[in-house]
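Chemist: Please work from the sequences and hints to get the whole structure.
Number of protein chains: 4
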Amino acid sequence: MKIRMGMVGGGQGAFIGAVHRMAANLDGQIELVAGAFSSDSARSKASGKELFLPEDRCYGSYAEMFAAEAKLPAEKRIEFVAIVTPNFLHFPIAKAALESGFHVLSDKPATLDLAEAKELARIVEKTGLLYGLTHNYTGYPLVKEARDLVRSGKLGAIRKVVVEYPQGWLAQRLEDSGQKQADWRTDPKRAGISCCVGDIGTHAENLAEYVTGLRIESLCADLSTFVEGRALDDDANVLLRFEEKNGVRAKGLLHCSQISIGEENGLNIRVYGTKGSLAWRQEEPNTLVLRRPDQPRALVRAGDGCLGAAAKAATRLPMGHPEAFLEAFANLYRNFAALVRARKEGTTPSEHALDVPGIADAVRGMAFIETVVASSRSADKWVSLPR
Amino acid sequence: MKIRMGMVGGGQGAFIGAVHRMAANLDGQIELVAGAFSSDSARSKASGKELFLPEDRCYGSYAEMFAAEAKLPAEKRIEFVAIVTPNFLHFPIAKAALESGFHVLSDKPATLDLAEAKELARIVEKTGLLYGLTHNYTGYPLVKEARDLVRSGKLGAIRKVVVEYPQGWLAQRLEDSGQKQADWRTDPKRAGISCCVGDIGTHAENLAEYVTGLRIESLCADLSTFVEGRALDDDANVLLRFEEKNGVRAKGLLHCSQISIGEENGLNIRVYGTKGSLAWRQEEPNTLVLRRPDQPRALVRAGDGCLGAAAKAATRLPMGHPEAFLEAFANLYRNFAALVRARKEGTTPSEHALDVPGIADAVRGMAFIETVVASSRSADKWVSLPR
Amino acid sequence: MKIRMGMVGGGQGAFIGAVHRMAANLDGQIELVAGAFSSDSARSKASGKELFLPEDRCYGSYAEMFAAEAKLPAEKRIEFVAIVTPNFLHFPIAKAALESGFHVLSDKPATLDLAEAKELARIVEKTGLLYGLTHNYTGYPLVKEARDLVRSGKLGAIRKVVVEYPQGWLAQRLEDSGQKQADWRTDPKRAGISCCVGDIGTHAENLAEYVTGLRIESLCADLSTFVEGRALDDDANVLLRFEEKNGVRAKGLLHCSQISIGEENGLNIRVYGTKGSLAWRQEEPNTLVLRRPDQPRALVRAGDGCLGAAAKAATRLPMGHPEAFLEAFANLYRNFAALVRARKEGTTPSEHALDVPGIADAVRGMAFIETVVASSRSADKWVSLPR
Amino acid sequence: MKIRMGMVGGGQGAFIGAVHRMAANLDGQIELVAGAFSSDSARSKASGKELFLPEDRCYGSYAEMFAAEAKLPAEKRIEFVAIVTPNFLHFPIAKAALESGFHVLSDKPATLDLAEAKELARIVEKTGLLYGLTHNYTGYPLVKEARDLVRSGKLGAIRKVVVEYPQGWLAQRLEDSGQKQADWRTDPKRAGISCCVGDIGTHAENLAEYVTGLRIESLCADLSTFVEGRALDDDANVLLRFEEKNGVRAKGLLHCSQISIGEENGLNIRVYGTKGSLAWRQEEPNTLVLRRPDQPRALVRAGDGCLGAAAKAATRLPMGHPEAFLEAFANLYRNFAALVRARKEGTTPSEHALDVPGIADAVRGMAFIETVVASSRSADKWVSLPR
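Each protein sequence line maps, in turn, to chains A, B, C and D.
First residue of the first sequence? That's 24 in the working numbering, and the numbers climb one at a time after it.
First residue of the second sequence? That's 24 in the working numbering, and the numbers climb one at a time after it.
First residue of the third sequence? That's 24 in the working numbering, and the numbers climb one at a time after it.
First residue of the fourth sequence? That's 24 in the working numbering, and the numbers climb one at a time after it.
Quick caveat, the hints were computed from the structure, so don't treat them as lab data.
You can take every hint at face value.
If several chains are the same, the list does not tell them apart, and a pair holds so long as it fits within one copy or across any two.
With a cut-off of at most 20 Å between alpha-carbon atoms, the simulated SDA-like pairs for lysine to any residue come out as follows: (1) Lys149 with Pro115; (2) Lys367 with Ala97; (3) Lys99 with Pro77; (4) Lys268 with Arg238; (5) Lys203 with Gly328; (6) Lys298 with Arg196; (7) Lys203 with Phe38; (8) Lys25 with Glu54; (9) Lys298 with Cys329; (10) Lys335 with Gln35; (11) Lys298 with Gly270; (12) Lys298 with Leu197; (13) Lys72 with Lys367; (14) Lys118 with Ala86; (15) Lys25 with Gly51; (16) Lys72 with Arg27; (17) Lys141 with Pro115; (18) Lys335 with Leu322; (19) Lys25 with Leu95; (20) Lys298 with Val250; (21) Lys404 with Ser241; (22) Lys25 with Phe75; (23) Lys177 with Gln318; (24) Lys99 with Phe75; (25) Lys99 with Met24; (26) Lys25 with Asp50; (27) Lys335 with Gln202.
Modeler: Structure, rendered in structure tokens:
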């Protein structure tokens with residue numbers, strides 16, 4: 024049987040909920056069987072109807088869903104909850120889901136602040152349930168290949184990391200137009216203490232640490248709010264210092280922006296080591312540029328025979344048949360479903376299935392956001408991340 | 024309720040069957056409920072089990088499936104059949120499905136030869152059922168935009184068309200290794216009179232006619248078999264002459280290859296008119312290059328606000344969140360499901376839903392393949408396509 | 024002392040004359056000392072003055088120049104003549120120069136027709152003087168590398184060649200506007216029997232034969248004149264068959280165009296062998312794409328340590344400092360100057376210096392033009408090139 | 024007559040001297056007539072001989088050259104001096120040249136430190152002679168177009184600037200191998216207080232200020248020396264704050280590196296304003312990416328009809344005929360020669376000719392280098408540039 028999913032959020036007109044559903048659908052491993060798509064019961068049912076759900080599995084609140092589903096027979100009730108609401112609801116929903124006995128796969132950032140993230144970590148530990156966080160860009164095959172190239176030592180000791188995430192969609196006051204995505208992301212009550220860093224900077228941080236296997240130790244940030252009247256930042260420039268490894272302390276830059284007109288969704292990373300370098304761009308995700316001294320520049324392509332096991336396992340199609348954003352996202356869902364299945368069947372999940380960002384990434388991401396904001400307000404040059 | 028699909032072919036180890044299933048899954052509009060995945064009943068059931076199908080809906084032959092499903096209650100039985108077998112089975116399966124009352128969505132080429140295609144056209148007409156053909160590359164949003172740009176007259180009268188489809192995977196005798204895809208594609212009994220043109224040249228032909236709205240009238244072909252001992256062609260170079268339109272008779276070139284080492288899946292098209300030109304490449308499908316005299320080269324991107332209605336309807340994500348092969352394929356499935364639903368509900372399908380290659384494309388494609396082979400054998404310079 | 028050059032053509036307002044002069048200047052090996060820049064003596068002197076030439080070395084005709092210069096002391100008179108006039112003058116000027124004892128470096132195509140080219144070959148042989156033809160695209164370092172890769176056998180036996188030369192500048196009747204370049208190129212009396220093939224198709228042919236080392240044996244051409252009222256072709260699509268080598272007869276396509284709106288100067292070539300393939304584009308000349316089975320795509324870059332001797336000798340700057348059109352052109356001039364110097368000093372020129380297209384290329388190019396035109400008019404599929 | 028140039032430095036085996044000579048040669052406006060190519064008189068003469076100079080114009084020191092040339096008749100002696108030595112000699116040579124009455128065109132950085140630069144500014148003012156600095160990247164046509172786009176207001180008020188200059192050639196201890204370029208650049212006595220920032224960071228700074236018309240007000244730098252035993256920095260990450268303009272204070276990042284393996288000469292800039300953005304990369308210098316909200320991404324190409332006057336004046340060839348590094352460099356030489364000529368003839372130089380970086384850029388660049396080094400050593404977050 025497919026793994027049964029319940030969703031919180033993602034009703035009509037939402038963006039990320041539909042993305043999660045497509046990601047869950049793609050591989051035919053997961054079935055959406057229930058949802059609290061809206062805090063308005065009628066809207067929730069209307070959304071569920073479009074998704075071919077029976078009315079009695081469409082709930083008016085997550086609390087109602089968790090209570091009702093918990094009473095259903097084990098072979099019918101939801102097994103995990105996908106959380107696709109604005110940020111401020113991530114924590115209470117995840118907490119309630121876990122305490123009701125359901126695994127959780129949550130959109131990022133995990134919580135509203137670091138304190139909540141730490142509390143969530145305690146709940147995950149206490150309940151022993153699965154918790155996944157959709158840092159979806161790590162789902163790309165060539166991001167996994169990049170990580171494995173660094174791990175294998177082929178780039179040598181890492182010296183420099185440049186990670187960027189420019190966007191331009193908030194270059195004007197889009198929030199005034201009633202655009203839903205802009206509205207809550209620029210509202211401290213619903214988004215947290217940062218707009219730009221919370222929404223996309225944290226993806227960049229996660230990507231940098233995922234690929235390099237290095238933790239950021241300290242940073243120096245310059246946050247800006249370029250659009251007048253906006254309560255949160257819409258641009259960030261950050262100097263990075265990583266932990267020392269192999270005798271080298273890597274340095275880096277991270278910058279992200281929502282006011283860089285013309286940029287679409289330009290997440291990209293470059294990593295330079297003592298023996299070689301790599302570069303990857305989200306908008307052209309099927310190419311990894313690999314450079315070694317005295318060798319021609321190599322374009323490693325998704326589907327290449329030379330790729331490692333993790334990249335191959337994350338790929339569905341032969342070379343030249345491009346896979347993209349939804350397939351990368353689906354890799355997280357497929358892996359998470361495999362974890363749920365292994366837990367249920369008492370088997371050991373594969374190494375690939377375990378490659379889902381989890382509660383440690385959740386805490387790490389919130390620590391990053393808070394440190395960037397603190398640094399930007401500080402006259403000190405370097406501010407350390409809490410360990 | 025979701026639209027119910029039965030599949031013929033696509034058992035364990037098959038390539039294109041899995042692609043069709045992911046395309047069908049993505050949007051949550053279609054449910055796979057039955058299959059004749061293999062002509063071996065046990066293998067078919069084993070394949071079905073992996074797909075979470077009940078054993079009694081996994082059949083040992085398409086004939087068995089059509090007979091059994093026809094006896095099921097209307098709200099339970101399959102509504103359409105996806106055909107994902109080697110070429111020589113497309114026709115008999117499509118014929119049987121239609122004659123059993125099921126709509127058909129078939130992989131290409133539609134049949135083994137032109138005569139079969141014409142016969143199929145008669146059956147489609149007679150039964151009045153839906154027939155779709157997965158010329159999946161027309162599912163890309165920017166291919167639809169390209170077509171609409173030509174239609175709108177923005178490029179003026181079309182003068183020149185260059186369409187290419189290079190691959191390199193058959194540069195060696197892969198068929199000797201037992202590789203399943205290579206095995207049947209190079210076998211005239213199962214593939215038809217052409218390997219390269221039948222498998223990919225026909226996609227190029229379909230793309231050129233779809234985008235330009237012009238029919239190829241005559242052609243001059245040079246087919247090659249570069250790999251010794253191979254019974255069918257593995258490379259084709261073709262000069263094209265199109266029908267006259269707006270006072271201009273467009274000329275063109277089409278070349279396709281399976282021996283072009285290093286090429287992946289390089290379908291691409293360039294169209295030059297009296298007022299402008301466009302270029303599109305399948306491997307980077309989210310960019311359409313548009314060139315007008317005395318204007319900078321424009322890179323139209325998937326998700327661009329300036330796109331037309333067809334491209335927008337075929338797009339699921341905002342700019343910079345790349346969609347790719349499976350999403351384009353899924354556009355055909357989504358549209359076909361909408362046609363099936365409209366038929367069932369007695370409603371008029373949307374213009375977008377109607378944008379699925381059908382029986383006319385099927386006949387056209389087979390005519391193209393036969394004409395290319397005939398031209399290659401002829402000492403005459405130009406050979407006309409049958410009308 | 025620098026090698027002394029006289030120029031015929033290239034007066035005020037001319038395009039290609041200035042290109043030749045910059046190419047001659049770049050390396051400081053050549054000095055322009057005389058010119059017949061125009062058939063109007065005053066205009067010639069005015070042009071020469073801008074070039075800081077003394078009035079008495081600016082002539083009103085090439086005949087006058089050759090006569091006067093021949094009388095100057097050996098250490099003062101011109102050593103070679105650069106011919107940069109419209110096509111129809113190439114032959115008489117080259118003939119006169121050679122017969123006056125001057126080496127010749129001529130723009131292409133070498134003559135107005137094949138008969139003239141053969142006659143020119145006889146004159147070159149008879150006089151024993153140097154003759155160079157500015158097929159300047161062979162001057163690019165990575166074109167030389169491409170040739171050497173094929174020669175070395177790294178691509179195996181060549182199977183397929185695709186060479187393109189699209190431009191768009193004649194998409195309208197530019198010749199009506201008095202634009203000088205368009206005016207004579209579309210005039211059969213001054214350009215010869217072809218506009219597009221003579222002007223750029225011959226570069227494509229030369230490039231294909233230079234890189235592959237294979238001769239085109241026969242071809243099948245479809246010439247078009249898309250712009251109404253134009254006397255010559257402005258577009259050509261050609262199927263190619265090459266001589267057999269290593270047991271393989273390579274096939275190919277060549278197309279060139281002056282009506283492909285939006286194309287700039289898009290000469291490019293792809294060569295596919297049994298062991299690998301390469302691709303090169305003139306507009307991005309510092310990258311050569313090299314593809315081998317089961318290896319990542321390699322981007323060989325100008326200046327790469329891995330390059331062969333010919334490419335290195337043709338490069339002036341380190342990697343990442345792009346060289347381009349004028350530097351490639353200058354490579355021909357530098358090599359030709361080295362040949363003149365070696366001849367004068369009685370030394371053996373280096374292998375690199377000998378890498379200048381010469382009279383054989385001149386004859387070959389004219390044979391190609393005439394065969395394409397003949398094929399386009401023929402109902403026979405294949406027309407052979409004269410040997 | 025051509026403008027007469029003398030050169031200091033650039034003898035056999037030198038890199039940048041040859042670049043300057045090719046740049047000076049290209050347009051035929053300048054003649055190299057004398058040189059102090061080496062501090063060894065015999066080596067200087069040997070170098071001069073290869074350049075076809077008479078022995079008596081090849082000097083053993085710059086002092087000797089200036090003294091001897093000053094005694095030559097006005098119509099024979101050098102008019103300006105090109106300085107192409109290691110950094111520490113730039114100032115004394117420029118000083119001596121100016122005080123001997125010769126205009127100066129110097130390689131960058133202008134001097135060894137800011138104090139020298141200020142002193143040089145006083146000498147330039149006092150002598151009233153011309154001083155140019157080869158920030159050659161500003162010579163690219165599309166860099167001029169970028170500047171003009173910003174100036175015109177088409178991008179609105181500037182919010183963010185990202186400028187990068189990664190190289191990888193010093194990733195190992197190349198200086199130990201005796202490589203001449205690496206040797207002096209890593210030696211504080213000859214290079215100054217910075218290797219990476221002095222050599223290439225200053226180009227990035229100059230480019231950012233040239234294109235945006237904004238001055239950097241303060242910065243926060245993190246310099247690194249990744250290669251053990253090296254006395255100077257080989258990598259720099261810098262946060263920038265620009266002066267306020269149009270009510271907006273632009274922020275930015277500048278990073279440069281000599282240890283980024285695989286990078287060639289990757290200078291590039293992105294500028295984001297309230298109405299649009301642009302991007303330019305030195306390694307593909309003929310394309311400028313221009314992005315406006317709700318318009319397709321535009322690739323402005325060198326030679327485009329839509330370009331402004333400055334870009335057009337800096338271009339020699341039609342679209343698609345790429346110009347590159349040497350042509351951009353030659354633009355500075357051509358402009359400087361025009362300034363010298365205008366001065367000599369008492370005419371007003373054209374606006375284009377005036378577009379040569381001068382003494383203000385020289386001072387500015389040295390201030391930047393010193394501020395970056397100071398900031399890197401400081402615990403304060405922001406350090407202001409001296410005004």
